[in-house]
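A.B. asks: Okay, here's what each chain looks like letter by letter:
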Amino acid sequence: MSNIPTDLRYTKSHEWVRQLEDGAAEVGITDHAQSALGDLVFAEVPETGREVHAGEACAVVESVKAASDVYSPLSGNVIAGNAALASQPELLNQEPYGAGWLFRVAPSSADEAAALMSAADYGKYLADEGR
Amino acid sequence: MGLKTPLYDSHLVHGAKIVDFGGWEMPLHYGSQIEEHHAVRRDAGMFDVSHMCVIDLSGERVREFLQVLLANDVARLKVAGKALYSCMLLPGGGVIDDLIVYLTSPTSFRMVVNAGTREKDLAWIRRQAKDYAVSVRERRDLAMIAIQGPNARQKTASLLAPAERESALGLPPFCGAAVDSWFIARTGYTGEDGFEVMLPVEDAARTWSALHAAGVRPAGLGARDTLRLEAGMNLYGNDMDEDHHPLESGLGWTVAFEPGSRDFIGRAALEAARRTAGREFVGLLLEERGVLRSHQKVCVPGATGDSSAGEVTSGTFSPTLNRSIALARIPRTEAAIVQVEIRGKLYPASIVQPPFVRHGKALIKI
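First to last, the protein sequences are chains Y and S.
For the first sequence, the working numbering gives the first residue as 1, with consecutive numbering after it.
For the second sequence, the working numbering gives the first residue as 1001, with consecutive numbering after it.
For the record, the hints were derived by calculation from the structure and aren't laboratory data.
Given the structure is predicted, the values throughout are model-derived calculations rather than measurements.
The C-beta atom is built at its ideal place from N, Cα and C for all residues, glycine as well.
Treat each hint with caution, since some may be false.
[As the list claims (entries may be wrong)] Per label pair, the in silico range of CB-to-CB distance:
1. E95/Y <-> Q1353/S: 35 to 41 Å
2. A66/Y <-> P1162/S: 31 to 37 Å
3. G1278/S <-> E95/Y: 46 to 52 Å
4. P1162/S <-> G98/Y: 49 to 55 Å
5. E1271/S <-> E95/Y: 54 to 60 Å
6. E1311/S <-> S35/Y: 28 to 34 Å
7. K1361/S <-> L20/Y: 45 to 51 Å
8. D69/Y <-> I1366/S: 26 to 32 Å
9. R1127/S <-> A66/Y: 35 to 41 Å
10. Q88/Y <-> R1206/S: 38 to 44 Å
11. Q88/Y <-> E1271/S: 50 to 56 Å
12. A66/Y <-> A1268/S: 38 to 44 Å
13. S118/Y <-> T1304/S: 54 to 60 Å
14. G1002/S <-> D69/Y: 27 to 33 Å
[Unchecked claim] Derived lysine-lysine pairs resembling DSSO-like cross-links, with alpha carbons at most 30 Å apart:
15. K1345/S <-> K12/Y
16. K1017/S <-> K12/Y
17. K1017/S <-> K124/Y
18. K1345/S <-> K1365/S
For reference, chain Y alone in the conformation it holds in the complex (with noise of 0.2 Å):
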């Protein structure tokens, strides 16, 4: 069973979002999603300053067998990129809601973050897609 907390937001191509305490979103992948890529081996993170639009591939993570591409859950402009998974992408793998995260945006709106998914309905989604 997949590890789904319930204080983030969630997407159904399987991103997550924090809400941090200053008004910024971090974004990361779910454990659902590491676990059905595999062993990750790579991580491309958008340059800060980017300015991305919800539903854009904005990052790609790399397993041994393939790319995925990353969709950014928010619109709005980055502001950091997760440096650490250059050298160590099995963060992703290994804690993919904490060290694993991926990028953070400054979000041009609060209504985009409303509407994503709550952890209980993330829940329901992947019991109906694995169905």
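Start from chain Y and add chain S according to the hints.
C.D. replies: Same frame as chain Y, now just chain S:
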């Protein structure tokens, strides 16, 4: 429903993630592909390769037949049990399949061909065999387990009775022998020492469990691919196929042009190809972080025109080197560095001579 090997249930017991592989339901990994890879480089791992096709060939004229069928020359097999790697070619020089053939008696050979090419291989072999009155027998009654790694032979031998153990451990590299109801060969697809064991289907699950109990770690197709690529070994369908001949697939060493009188299928086409510059088949080491993948474009400095770009035929992340490596078919070049296009951007990669890794050690400078 896909085809299942006799070890399918064993894979489920070990928590395999099952994927479709050429119509077969095979284990991709049992949790971590990278840990399985390291287990083979450092200790011992086992692969279910029962999906591969074992064919026994026999007849008075079988040697003569194989000297026509195969690009490598079975005359090189002088003692029973000795193995030979070869391509089987179309008249135009394209590769129908790559295979291993073992001499099993003066009038019989055993061949192991790829799973995905089973039907076309058998059809081709049977058609060619008619003129030589050679019997072609597919051995669906056999399962095959590859046990690979520095400790693989010892751990496998621990399952055998003392006399059998001695004959198994006495096998020289690239040789096989019948040991009781098993055929044990000191061959593999990982760049490590080890055995490939062909055994009756009904013994397969019990043997797999015994090997596991002896400390051999189950490894899936994912690790098999990263191991073979590190070892610089070609994969049929990626690195060679019916549209590419062996000389542009890094397999020139497997074509026996001597003696000139041996008229194997594809010979005339290869003789002609040998006289043209053609493309070369190289290893690549990505200089930066990222992952090389098959079909990525390779730009060679100075090359112009339609055929100026090369292509990655197999690429992966190398767990042993912690870098990305690839095999590629490129225009001939004196350059040491080429550029590979990854998601629209060019990244430098150096040309290196495979294998990248052998017997647990890096063979290229990082």
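A.B. asks: What hint numbers does the structure not satisfy?
C.D. replies: Result: hint 2 breaks, nothing else.
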